[in-house]
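Asks: Listed below are the residues making up each chain.
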Amino acid sequence: MNLLKNYKKGQSAWCYLLIAPMLIGFCVFTIYPICWALRYSFYEYNGIDATFIGLDNFVRLFTRDPGYWEALVNTFLLTFGKLLIELPLALLLAVLLNNSLKGNGIFRTIFFMPNIISTAIMGLIFFFIFDTANGFVNNVLLEWGIINVPINWFGEKWTAMAVIAMVSIWQGFGINMLFFLSGIQGIPKDLYECASLDGANKWQTFIHITIPMLAPVMQVVLMLAMIGTMQTTDLVLVLTNGQPAGKTEVIMTYIFKYFFNYGGGNSIPQYGYATAGSIVLAVILGIFTAIYLKITKKGTQIY
Amino acid sequence: MRIFKKGILYIFLIALVFITLLPVMYALFGSFKSNQELLVSGAKLLPESFSIDNYITAWKMADFKTYTFNSLYLTFFSVTGVVCSSAMAGYAFSRGQFPGKNIIFTLFVSTMFICLGTITLYPKLQIARLLHINKSLWGIIIMNVFSVGATNLFLVRSFVNSIPREIDEAATIDGCSFGRVFASIILPLLKPILATIAIISFKTVWNDYLLPMVFTISTPSKAPLVVGVVSLKNTGEAATSWNLMLAGTMISIIPMMVLYLCLNRYFVEGMTSGAVKG
Chain H
110 MNLLKNYKKG QSAWCYLLIA PMLIGFCVFT IYPICWALRY SFYEYNGIDA
160 TFIGLDNFVR LFTRDPGYWE ALVNTFLLTF GKLLIELPLA LLLAVLLNNS
210 LKGNGIFRTI FFMPNIISTA IMGLIFFFIF DTANGFVNNV LLEWGIINVP
260 INWFGEKWTA MAVIAMVSIW QGFGINMLFF LSGIQGIPKD LYECASLDGA
310 NKWQTFIHIT IPMLAPVMQV VLMLAMIGTM QTTDLVLVLT NGQPAGKTEV
360 IMTYIFKYFF NYGGGNSIPQ YGYATAGSIV LAVILGIFTA IYLKITKKGT
410 QIY
Chain P
555 MRIFKKGILY IFLIALVFIT LLPVMYALFG SFKSNQELLV SGAKLLPESF
605 SIDNYITAWK MADFKTYTFN SLYLTFFSVT GVVCSSAMAG YAFSRGQFPG
655 KNIIFTLFVS TMFICLGTIT LYPKLQIARL LHINKSLWGI IIMNVFSVGA
705 TNLFLVRSFV NSIPREIDEA ATIDGCSFGR VFASIILPLL KPILATIAII
755 SFKTVWNDYL LPMVFTISTP SKAPLVVGVV SLKNTGEAAT SWNLMLAGTM
805 ISIIPMMVLY LCLNRYFVEG MTSGAVKG
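As they're listed, the protein sequences go chains H and P.
Its first residue numbered 110, the first sequence is counted upward by one per residue in my numbering.
Its first residue numbered 555, the second sequence is counted upward by one per residue in my numbering.
It is worth saying that the hints were derived from the structure and are not from the lab.
There's no promise every hint is true.
[What the hints assert, rightly or not] Capping the alpha-carbon separation at 25 Å, the derived lysine to any residue pairs in SDA-like fashion look like this:
{"id": "1", "chain 1": "H", "residue 1": "118", "chain 2": "P", "residue 2": "727"}
{"id": "2", "chain 1": "H", "residue 1": "298", "chain 2": "H", "residue 2": "336"}
{"id": "3", "chain 1": "P", "residue 1": "655", "chain 2": "H", "residue 2": "122"}
{"id": "4", "chain 1": "H", "residue 1": "311", "chain 2": "P", "residue 2": "557"}
{"id": "5", "chain 1": "P", "residue 1": "559", "chain 2": "H", "residue 2": "318"}
{"id": "6", "chain 1": "P", "residue 1": "559", "chain 2": "H", "residue 2": "205"}
{"id": "7", "chain 1": "H", "residue 1": "356", "chain 2": "H", "residue 2": "208"}
{"id": "8", "chain 1": "P", "residue 1": "689", "chain 2": "H", "residue 2": "378"}
{"id": "9", "chain 1": "P", "residue 1": "689", "chain 2": "P", "residue 2": "617"}
{"id": "10", "chain 1": "H", "residue 1": "311", "chain 2": "P", "residue 2": "737"}
{"id": "11", "chain 1": "H", "residue 1": "211", "chain 2": "P", "residue 2": "557"}
{"id": "12", "chain 1": "P", "residue 1": "560", "chain 2": "H", "residue 2": "400"}
{"id": "13", "chain 1": "H", "residue 1": "211", "chain 2": "P", "residue 2": "660"}
{"id": "14", "chain 1": "P", "residue 1": "598", "chain 2": "H", "residue 2": "248"}
{"id": "15", "chain 1": "H", "residue 1": "118", "chain 2": "P", "residue 2": "733"}
{"id": "16", "chain 1": "P", "residue 1": "689", "chain 2": "P", "residue 2": "679"}
{"id": "17", "chain 1": "H", "residue 1": "211", "chain 2": "P", "residue 2": "816"}
{"id": "18", "chain 1": "H", "residue 1": "311", "chain 2": "P", "residue 2": "655"}
{"id": "19", "chain 1": "H", "residue 1": "311", "chain 2": "H", "residue 2": "208"}
{"id": "20", "chain 1": "P", "residue 1": "598", "chain 2": "H", "residue 2": "257"}
{"id": "21", "chain 1": "P", "residue 1": "655", "chain 2": "P", "residue 2": "704"}
{"id": "22", "chain 1": "P", "residue 1": "560", "chain 2": "H", "residue 2": "215"}
{"id": "23", "chain 1": "H", "residue 1": "406", "chain 2": "H", "residue 2": "325"}
{"id": "24", "chain 1": "H", "residue 1": "407", "chain 2": "P", "residue 2": "666"}
{"id": "25", "chain 1": "H", "residue 1": "118", "chain 2": "P", "residue 2": "598"}
{"id": "26", "chain 1": "H", "residue 1": "118", "chain 2": "P", "residue 2": "588"}
{"id": "27", "chain 1": "P", "residue 1": "559", "chain 2": "H", "residue 2": "309"}
{"id": "28", "chain 1": "H", "residue 1": "117", "chain 2": "P", "residue 2": "724"}
{"id": "29", "chain 1": "H", "residue 1": "311", "chain 2": "P", "residue 2": "728"}
{"id": "30", "chain 1": "P", "residue 1": "745", "chain 2": "P", "residue 2": "771"}
{"id": "31", "chain 1": "H", "residue 1": "403", "chain 2": "H", "residue 2": "355"}
{"id": "32", "chain 1": "H", "residue 1": "118", "chain 2": "P", "residue 2": "566"}
{"id": "33", "chain 1": "H", "residue 1": "311", "chain 2": "H", "residue 2": "325"}
{"id": "34", "chain 1": "H", "residue 1": "356", "chain 2": "H", "residue 2": "122"}
{"id": "35", "chain 1": "H", "residue 1": "118", "chain 2": "P", "residue 2": "655"}
{"id": "36", "chain 1": "H", "residue 1": "211", "chain 2": "P", "residue 2": "731"}
{"id": "37", "chain 1": "P", "residue 1": "655", "chain 2": "P", "residue 2": "737"}
{"id": "38", "chain 1": "H", "residue 1": "298", "chain 2": "P", "residue 2": "823"}
{"id": "39", "chain 1": "H", "residue 1": "406", "chain 2": "P", "residue 2": "737"}
{"id": "40", "chain 1": "P", "residue 1": "560", "chain 2": "H", "residue 2": "201"}
Modelling step: build the complete structure from the supplied sequences, incorporating the hints.
Replies: Set out below in structure tokens:
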């Protein structure tokens, strides 16, 4: 008995030792920043002097900062606009590639490929492709006679947003396709056999078997995709950097610019205000996620 | 009718393949063009002649040698560290019994769902300054290694769960301590999952932009490839260095691409199983 007790004691020590790196990291790089943010959201802080200003940062955010809310709206528009195209496309491809098709593996490999390339690098390449004067897209459209004057893609809010969404879709549809594919492969085959015995056609089996059986996978995929898109930072920084005139700023880049100078700007950082913005954002997204989980809970109970 | 349907299917898929590959092809072919040709080549994708001048210039003049070295250094140590820490923690959370296990695990996992985003970047930088590691690549490496990777943790934990307990019970009876069981019995069995984690974290670290950018703002000579390439865009002579930037993007993409084509299976496995199990 004594031996067992000793072993258990030793085991606890070993466990703490084994999780030590993550535990230390968690305290220092997650807990500490949160506490830091909670504290400085009540301060005006430029890196040198910190003055306590109470709730002023939050008051400013809610009453005097339309830029923040525009960036938040942009983020939601980008997320929903993008996922409206990306997820159906991914689902369609997953269904198509689930059949025994020649070159199946090659298609999968290629469609997933954009996912392995750095988002920042892709932002740079698309910046060239959509350049006004020398960009590939404008040149092709001009040559084919579709347009007469080069389109200034990054000069208008909506075209710039469309380009951002395009890059984001381009990079994300492959992984979602794989998620759906592994979900589809988990559906029991006999369900399809029963359906075909009952004379259901392909469309009917898709609507009545594939979609409901995929619901749990879809819940996770949709949530990951939403959270992922809402955190879009480097793509926007590299591609438009908020241009024209901050109209394509998403929430992460908007906050980021109060922390750091980016792209040659030379303003004084406002750490206190930036943390207040982050905290409000975290709360909004937390509420959003909670609502999402509550709404989708019913749809996923299939068994 | 069936052949017709199949035909449409293939046309659709091949068109999509073309769209998927186009940006990369544009960058690849563009990287062989001179700047002059880039600006006037219009809708032509292929270069007039394949010249590697851009690569030579980028390598010698534009510091891409340093950037590549930084990237390799940073990625090597980060990946090694991440693999070790996930293996250790995954084993402890799977087999170990210790006070606070469930709370700690829940806290770790919750980092996946709380959206901290840019909020942690500045405090991290401050901590690095405090430890005097903000001017070397080790600052970034330490941030990468010590941060909680919930997905990796899940992957290792469920892998250890699938190893029969009899194996380590036998070793325990033979007098192995908990740590010894890990080092000599479990760790060798973890190879496949650790390979997957190594590849996924290689991808993440190699491609990362924001954290290394923030850390190397004041020391450009420590920038990894992605940061180095993108920083050219924000310099004054951006318009005259398209060719260098394209060569730079390819230098950063090609190693990743080769790895992906060789180890495709691990990529797909790691990316999908991590999310679905999580």
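Asks: All the hints need checking, so say for each whether the structure fits it.
Replies: Against the structure, the hints:
As the CA atoms of residue 118 of chain H and residue 727 of chain P are separated by approximately 16 Å, the hinted pair is consistent with the 25 Å bound. A C-alpha spacing of about 32 Å is found between residue 298 of chain H and residue 336 of chain H, which places the hinted pair above 25 Å, so the restraint is violated. With a C-alpha separation of about 12 Å, the suggested pair residue 655 of chain P and residue 122 of chain H falls inside the 25 Å cut-off, and the hint holds. With a C-alpha separation of about 17 Å, the suggested pairing of residue 311 of chain H with residue 557 of chain P holds against the 25 Å cut-off.
Under the criterion of a C-alpha separation no larger than 25 Å, the hint pairing residue 559 of chain P with residue 318 of chain H is consistent with the structure, at around 23 Å. Restraint check for residue 559 of chain P and residue 205 of chain H: satisfied, since their Cα atoms lie roughly 12 Å apart, inside the 25 Å limit. With a CA separation close to 44 Å, the supplied pair residue 356 of chain H and residue 208 of chain H exceeds the 25 Å bound. At most 25 Å may separate the alpha-carbon atoms for a hinted pair to count; residue 689 of chain P and residue 378 of chain H meet this at roughly 20 Å.
For a cut-off of 25 Å, the pair hint linking residue 689 of chain P to residue 617 of chain P stands: about 18 Å separates their Cα positions. At most 25 Å may separate the alpha-carbon atoms for a hinted pair to count; residue 311 of chain H and residue 737 of chain P exceed this at roughly 52 Å. Distance hint between residue 211 of chain H and residue 557 of chain P is fulfilled; the C-alpha atoms sit about 13 Å from each other, no more than 25 Å. Annotation: proposed proximity of residue 560 of chain P to residue 400 of chain H is violated, straight-line Cα distance about 42 Å (limit 25 Å).
The suggested pairing of residue 211 of chain H with residue 660 of chain P is violated, with an alpha-carbon distance near 44 Å, which exceeds 25 Å. With a CA separation close to 9 Å, the supplied pair residue 598 of chain P and residue 248 of chain H stays within the 25 Å bound. Restraint check for residue 118 of chain H and residue 733 of chain P: the C-alpha separation of about 13 Å stays at or below 25 Å, so the hint holds. For the proposed pair residue 689 of chain P and residue 679 of chain P, the alpha carbon gap of about 10 Å is at most 25 Å, so the pair holds.
The hinted pair formed by residue 211 of chain H and residue 816 of chain P meets the criterion: a straight-line CA distance of about 21 Å does not exceed 25 Å. Note on residue 311 of chain H and residue 655 of chain P: the hinted pairing is violated, with a Cα-Cα distance of about 48 Å set against a maximum of 25 Å. A threshold of 25 Å between alpha carbons decides the hint, and for residue 311 of chain H with residue 208 of chain H the separation of about 12 Å falls inside it, so the pair holds. Proximity of residue 598 of chain P to residue 257 of chain H is assessed by CA-CA distance (about 18 Å); at most 25 Å being required, the pair is judged to hold.
For a cut-off of 25 Å, the pair hint linking residue 655 of chain P to residue 704 of chain P stands: about 15 Å separates their Cα positions. The suggested pairing of residue 560 of chain P with residue 215 of chain H holds, with an alpha-carbon distance near 17 Å, which does not exceed 25 Å. A C-alpha spacing of about 9 Å is found between residue 406 of chain H and residue 325 of chain H, which places the hinted pair at or below 25 Å, so the restraint holds. Distance hint between residue 407 of chain H and residue 666 of chain P is fulfilled; the C-alpha atoms sit about 23 Å from each other, no more than 25 Å.
Proposed proximity of residue 118 of chain H and residue 598 of chain P is contradicted: the alpha carbons are some 71 Å apart, above 25 Å. For the suggested pair residue 118 of chain H and residue 588 of chain P, the alpha carbons sit about 68 Å apart, so the restraint of at most 25 Å is broken. For a cut-off of 25 Å, the pair hint linking residue 559 of chain P to residue 309 of chain H stands: about 19 Å separates their Cα positions. Proximity of residue 117 of chain H to residue 724 of chain P is assessed by CA-CA distance (about 16 Å); at most 25 Å being required, the pair is judged to hold.
At roughly 59 Å between alpha-carbon atoms, residue 311 of chain H and residue 728 of chain P are farther apart than 25 Å, so this suggested pair is violated. The hinted pair formed by residue 745 of chain P and residue 771 of chain P fails the criterion: a straight-line CA distance of about 37 Å is larger than 25 Å. For the proposed pair residue 403 of chain H and residue 355 of chain H, the alpha carbon gap of about 34 Å is over 25 Å, so the pair is violated. Between residue 118 of chain H and residue 566 of chain P the alpha-carbon distance is near 62 Å, which puts this suggested pair outside the 25 Å criterion.
For the proposed pair residue 311 of chain H and residue 325 of chain H, the alpha carbon gap of about 22 Å is at most 25 Å, so the pair holds. Of the pairs offered as hints, the one joining residue 356 of chain H and residue 122 of chain H is violated, with about 54 Å between alpha carbons and a cut-off of 25 Å exceeded. Note on residue 118 of chain H and residue 655 of chain P: the hinted pairing holds, with a Cα-Cα distance of about 14 Å set against a maximum of 25 Å. With a CA separation close to 53 Å, the supplied pair residue 211 of chain H and residue 731 of chain P exceeds the 25 Å bound.
Distance hint between residue 655 of chain P and residue 737 of chain P is fulfilled; the C-alpha atoms sit about 21 Å from each other, no more than 25 Å. Between residue 298 of chain H and residue 823 of chain P, the direct Cα distance comes to roughly 22 Å. Compliance with the 25 Å bound is thereby established for this hinted pair. Our distance criterion of 25 Å between C-alpha atoms is broken by residue 406 of chain H and residue 737 of chain P, whose separation comes to about 42 Å. Our distance criterion of 25 Å between C-alpha atoms is met by residue 560 of chain P and residue 201 of chain H, whose separation comes to about 15 Å.
Hints 2, 7, 10, 12, 13, 18, 25, 26, 29, 30, 31, 32, 34, 36 and 39 from the earlier list are contradicted by this structure; the remaining hints agree with it.
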